[in-house]
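With chain A's structure known, arrange chain B on it following the hints.
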Amino acid sequence: MNNKVILLVEDNPDDEALTVRALKKSNIANEVVVAHDGAEALDYLFGEGAHAGRDVTQMPQVVLLDLNLPKLDGLGVLRRIRADPRTRLLPVVILTSSNEEQDRVNGYGLGANSYVRKPVDFDAFVTAAAQLGLYWLVLNEAAPRKV
Amino acid sequence: MTISGSPQKEAHDPREESRHILEALFEFVPEAVVVSDEKGCIVRVNGQAEKLFGYSQDELRGQPIETLVPERFRQGHVKHFHDYHQTPRRTSLELCGRHKDGREFLIDVVLNPFDTGQRKLVLSLVRDLTERDAGEALRFHLAALVNSSSDAIIGKTLDGFIASWNKSAERIFGYSPQEAIGKPISMLLPPGGEDAESDILGRLKKGETIIAFDAVRRCKDGRNIDVSVTTSPIFDALGNVVGACKVARGITERKQVEKERAAVTRRSLQLNEELEQKVKARTTDLAASNKELESFSYSVSHDLRAPLRTINGFSHALLEDCADRLDDTGKTHLNRIRAATQRMGSLIDDLLNLSRLSRAEMHIKSVDISALACSIAGELQKSQPERQIELRIEDGLKTIADPGLLRVVLENLLTNAWKFTSKRASARIEFGMVNGNGTPAYFVRDDGAGFDPAYADRLFGAFQRLHAMTEFAGTGVGLATVQRIIHRHGGRIWAESAVDRGATFYFTLCETAS
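Quick mapping for you: the protein sequence lines, in order, are chains A and B.
What the first sequence shows, in numbering that gives the first Met the number 0, is residues 0 to 146, in sequence order.
What the second sequence shows, in numbering that gives the first Met the number 0, is residues 0 to 513, in sequence order.
Hints are computed from structural coordinates only; laboratory data are not their basis.
Note that CB positions come from ideal geometry on N, CA and C, so glycine has one too.
Honestly, I wouldn't trust all of these hints.
Unchecked claim - Stretch by stretch, here's where chain B covers chain A in the computed footprint (C-beta under 8 Å, at least three residues):
1. 9-18
2. 85-99
3. 111-122
Claimed, not checked - Looking from chain B toward chain A, a few residues come up when the C-beta cut is under 8 Å (computed):
4. Tyr-297
5. His-301
6. Ala-305
7. Leu-307
8. Arg-308
9. Thr-309
10. Asn-311
11. Gly-312
12. His-315
13. Gln-341
14. Gly-344
Chain A extracted, bound-state conformation (with noise of 0.2 Å):
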């Protein structure tokens, strides 16, 4: 497992702290680097707004998306992050409450990577947070990145 960070861009704090929580359950060690709306999101992968200065080469491991997010939605990010070319390639999981099939159906047409739906009991979130965890830190090899 490596050290990079995950970026997970959610706006409700109960499923950020229980989302923190099932990684951390299921040893997953990675810094998780928490934005709170789809804005705040891009200012951290492009290095902007409260995030300018960051060191943009440095992209997360995997980000973590919400759907229903203030200012820009989750698609709307999502958009933006495969039409960047420095974020082309980006790992990204949608996960949400959601399993309206026009979400999936959206998200995967929009590059997603993994749509996974919250699960309402918490055992069941661990469990597919350390399945997450497990595919998108350890097993999954990430695109080389251009020099």
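Relative to the frame of chain A, chain B by itself:
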């Protein structure tokens, strides 16, 4: 025809020849001829008379002339004849004749007294008036026909003057026959219509009939009226056009009816359009409310579950983080809270599913319903291989339905059967078809817990459960979903059961379509 003379050839005798001519005349005149003497006895009759009265020459010769009139007139006739002989003259009279067979008929008799030099005779020329009467009756009949027609029938000369005028012509145009006959037909034309009339006259002269053309004509009071006119030439015996007959029918009423009909058509078109507008508006409304429902479901899906996750997650955190400060009762409470959130999560999912299935577009095609049932039953067996279930699935049943929705129906019914037989050591689940009233009814039957038929009508309502949670789990949305799908297919669903006697669920598809 030869007039018989004496067989032997004689020298030309003018007197003889004259006699022959008179003889021929006697026979060839179209009238019946009866010659009588002063006493009123018949001296001679010709062939026409024999034919008219039915007697032969021999039967009549010497008979009183009264033989030829009906008995009731004979007395009067004798007196008449007597008076006549006082002052014989050429005269004519109408009498009633009598045929040998008793038939009576009107005759016209012209009496011609003459003197042979030896005696005075009367030569009566008798004409049967029956034929003349028939002709007159026919004329009368035809005139009545013309007069009783509801159409104006007008005769006109070829130079365009009115020659005859029936009652309906008077009624329609307002002119009496005295006012119309002899006047130019053009008085019936509205100003500017004269050209058409001369064109008509031209065509009539060529022998053409102009059938039922709609025209406007002017009445005596100056009103213009709509008429349908047929004009035909009148020919003489030699085939020359000598006049024209014009039949005009008032069609103002028909025109009015046509106008009204057009108005009705216009109105119904307008109504149609209004209806279409309404349908369009309703469809828009419906689309809007569907859209609303969709966004409602969407936010339910997103927002209603989040607090449940919080309650569940933090109860879990409490159990872990504060375990040392919680006794068993506290832990039980927290576990109940967690169980409740999970249950509510399932309810939300089921409701969303119900709403989604109600809205989902249907794709109707042929479905192997037996294979579908087999596949679902196979999945159930795989999920609980330890269960002793005898599955009986009727082979080869095919139907027309949306395959995805039909799968949801069978999944629910078979899963229910699976669930409600779970208290049995061994159980039997059947799927098959019965033919009820020509519409195939499919059924899923189990021999499990069954239900009290008194509550059967509650089975298909959302959140309706007929068993305690502790007995059988479930949200109570499954059968509501099934019913919704069956109704969308135009079918019916019903159930039969008794407590502990198992249950049978029947459903039909496309009942209305078939």
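Hints violated by the structure (numbers, ascending):
Checked against the structure, no hint fails, so every one of them is satisfied.
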